[in-house]
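Student: Here is how the chains run, residue by residue.
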Amino acid sequence: MASSKSNNRFGTPFSPALGLRFLLLAGLSILLMVVDHRDNHLDTVRKAIGATVYPLRVVVDTPVSAWRWVIDAAATRNELQLENSRLNTERLITRARLQRYSSLEAENARLRAMLEARSQVHERVRVAEIMSVSSDPFRHVLVVDKGTRDNVFDGQAVIDAEGIVGQIIEAGLLSSQAMLISDPGHDLPIEVNRNGLRTIARGTGEYDRLDLPFLPNNADIEPGDLLVTSGRGGAFPAGYPVAIVESVTRIPQEPFAAVTATPAAALNQVREVMLIWSSESELSDDEVLDRAEETMDPIAADPVIVDNEGDENE
Amino acid sequence: MSDARISSHLPIIFSIAVALLLSIAPIPDSAEPFRPTWVLLTLIYWAMTLPDNYSVGSAWIAGLILDVAQGTLLGQHAIGLSLVIYVTVKFHLQLRQFPMMQLSITVFALLALYQFILFWINGVAGVNSESVIYWGPVLTGTLIWPLLNIVFVGIRQRARG
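In order, the protein sequence lines correspond to chains A and B.
To convert, count from 1 in the first sequence and add 1039; that's my numbering.
To convert, count from 1 in the second sequence and add 2; that's my numbering.
Okay, chain B solo, but in the shape it has when bound:
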């Protein structure tokens, strides 16, 4: 039983690792403001579908790794991710019933919340980020969500089978 459970978790942990990779992979400067917040998108999906296994704790650890990887204030991404995942888990039953359109809008709101928390902490810590393109990841993240959803459903079916 426990072996089977571990092996069914591997693809999910792997997907979170890939999301971390994507968020530190070098891309052209011009594309940088539009890099989706991969880790958050991945965590939202898993928190929504498997809230018993992946919730605020996993989000916090992933956030801490992200903080170190990106050289931001230690705990900044951690608190942002765990707050958004808290909201996601809180409403996961409703989210599961949503049609894709409505879900995308909700994801948009969640991404904006995340970006706002980071923005706010940056402001308190004195890091300048007053520009419209700061909100680029919210847009690209929402647009890529339906696609990502298909990928994750595939991962989940494989993980179960």
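Chain A on its own, in the form it takes in the complex:
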């Protein structure tokens, strides 16, 4: 081989301290892993190293964004017009729906006020782009281009246009990692939209399947049922679509039915996701209004869907 006489210029035989050094580093690794697995004391360490990884991510993302820029720049006038008219139609339809929605929302708020329940309608949404997807096929984690500088926080819900995508597990300064609901380690409190039956949806490691392992055989659930977030557990705001029940298998001898569901969000196709700030997760009621007003402007500069109030006023 070409490397047979490589390193003799230093004249040193390889150092006897190698084994010692290895043992030291191995011990340090094990310590890190144990601490990291137990709790989140290592967040600052991760963030510090994450800062060095950020340039790498940008480099990785460059060809993709450059390609998209080329596509955008090369779009003909005709295509743009077509897209424009399509988007206009879509906007009209959405606004029509929204009209109905806002009256419903007002009604809902009134009813809740009568029940003296805390209303949960103030939700702020912001678009984030996906920078990369975990290269480990057994962990469904993606990296989005918003971090604590944009007020992203650990545990924040991530959605796309169709439904729940996952939640932020690690908010860095400029980018954050989000775990998908299909990750085998992800449990999501849900309810059946039809009858309010509450249970847990567990990721399976496949993008197009969730398991509902804790439903008894006599549970009222059938294929085609829409599953929405129940809001229990606090991480996710209630009422977002999660999945549609695909199959229900009841085996008489088993205590639980085998129920699988197909996620509503296209988990392996998303390029852009939305982050939700539901005001109650962070702020008290008094702060909500102040906050909603002061945040309108800086957000409006970015591609954003502003909160419900903004849409109503139009």
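These are calculated hints, taken from the structure and not from any lab test.
Mixed in with the good hints, there may be bad ones.
Unchecked claim - Label pairs and their computed distance ranges (CB to CB):
1) A:G1273 x B:F100: 53 to 59 Å
2) A:T1101 x B:L115: 33 to 39 Å
3) B:G59 x A:T1101: 44 to 50 Å
4) B:G59 x A:D1111: 43 to 49 Å
5) A:N1256 x B:G59: 29 to 35 Å
Unchecked claim - To be clear about the criterion: a stretch of chain A counts as covered by chain B if any three or more of its residues have a C-beta under 8 Å from a C-beta of chain B, and this derived list gives those stretches:
6) 1197-1207
7) 1228-1240
8) 1310-1317
To be verified - Chain A is nowhere near these chain B residues, computed Cβ spacing over 10 Å in every case:
9) S9
10) H11
11) P13
12) G65
13) L75
14) L76
15) T108
16) F110
17) A111
18) L115
19) F118
20) I123
21) T142
22) R160
Just so you know, even glycine gets a beta-carbon here, dropped at the ideal spot from N, CA and C.
Chain A is already provided as a structure; the job is to place chain B on it using the hints.
Tutor: Chain B alone, transformed into the frame defined by chain A:
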């Protein structure tokens, strides 16, 4: 002297950075299980040829960066990489004498060892990875090794000249 040494190290550090890039670059889902462990392959070569400069320490740091980049348990890749590089450095004199075929087989064993350590840690930490395709990177890594070797020899000659 020291300037010359720094400049001769730059291409090597650059190659490790490129390996890190390749291990986080987005590729299609179907190809994901067969993504070679670029960082380990790169480190094996440099640990084999320049064990005085690149050994367990460099491997550990690269592993820590990999852990953060991939969102795995902090220290998981670090311990895997440093163990395999420890073995590589320990036997680097023999490895240098091996013909390509034999070297490839050794690399296969090293990659399998690495993947096994990660598998084991995943198991302890409760991350499910019980599937045959988990071992895909071992195969693709071995297959790509001879090619990678040519690239690295080129880098080394340039670094010296």
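Student: Next step is simple, just say for each hint if it's right about the structure.
Tutor: Quick rundown of the hints versus the structure:
Roughly 58 Å separates the CB atoms of G1273 (chain A) and F100 (chain B), a value that falls within the hinted 53 to 59 Å. The hinted window of 33 to 39 Å between T1101 (chain A) and L115 (chain B) holds, with their beta carbons roughly 34 Å apart. For G59 (chain B) paired with T1101 (chain A), a C-beta distance near 30 Å fails the hint of 44 to 50 Å. For G59 (chain B) paired with D1111 (chain A), a C-beta distance near 45 Å keeps the hint of 43 to 49 Å intact.
Distance hint check: the CB atoms of N1256 (chain A) and G59 (chain B) are about 57 Å apart, inconsistent with the given range 29 to 35 Å. Requiring three or more residues with a Cβ within less than 8 Å of a Cβ of chain B, the coverage given for the stretch 1197-1207 of chain A is violated, as only 0 such residues are present. Against chain B, the stretch 1228-1240 of chain A contributes 0 residues with a C-beta closer than 8 Å to a partner C-beta. That does not satisfy the three-residue criterion, and the hint is violated. Counting residues of the stretch 1310-1317 of chain A whose CB lies closer than 8 Å to any CB of chain B gives 0, so the stated coverage by that chain is violated, three being the minimum.
No Cβ of chain A approaches the Cβ of S9 (chain B) within 10 Å, the least distance being about 15 Å, so the stated non-interface status holds. No beta-carbon of chain A comes within 10 Å of the beta-carbon of H11 (chain B); the shortest separation is about 13 Å. Annotated as non-interface, P13 (chain B) keeps its C-beta farther than 10 Å from every C-beta of chain A; the closest such distance is 15 Å. Not every CB of chain A lies more than 10 Å from the CB of G65 (chain B), the least distance being 8 Å, so the non-interface label is violated.
Some Cβ of chain A comes within 10 Å of the Cβ of L75 (chain B); the nearest lies about 5 Å off, and the non-interface call is violated. With a closest Cβ-Cβ approach of about 4 Å to chain A, L76 (chain B) is found to fall inside the 10 Å limit, against its non-interface label. With 10 Å as the threshold on Cβ separation, the claim that T108 (chain B) sits away from chain A holds: the shortest Cβ distance comes to roughly 12 Å. For F110 (chain B), the shortest C-beta to C-beta distance to chain A comes to about 17 Å, beyond the 10 Å cut-off, and the non-interface label holds.
At roughly 18 Å, the least C-beta separation between A111 (chain B) and chain A is larger than 10 Å, which holds for a residue marked as non-interface. Against the 10 Å criterion, L115 (chain B) stays outside the reach of chain A, whose nearest CB is about 14 Å from its own CB. Consistency note on F118 (chain B): stated as away from chain A, and its beta-carbon is indeed over 10 Å from all of that chain's, at 15 Å minimum. With a cut of 10 Å on Cβ distances, I123 (chain B) falls inside the contact zone with chain A, its closest approach being about 7 Å.
T142 (chain B), annotated as away from the interface, keeps every beta carbon of chain A farther than 10 Å; the closest lies near 13 Å. Chain A leaves R160 (chain B) outside its interface by the beta-carbon criterion, the shortest separation being 13 Å against a cut-off of 10 Å.
In the structure shown, a violation is registered for the earlier hints numbered 3, 5, 6, 7, 8, 12, 13, 14, 20, in ascending order.
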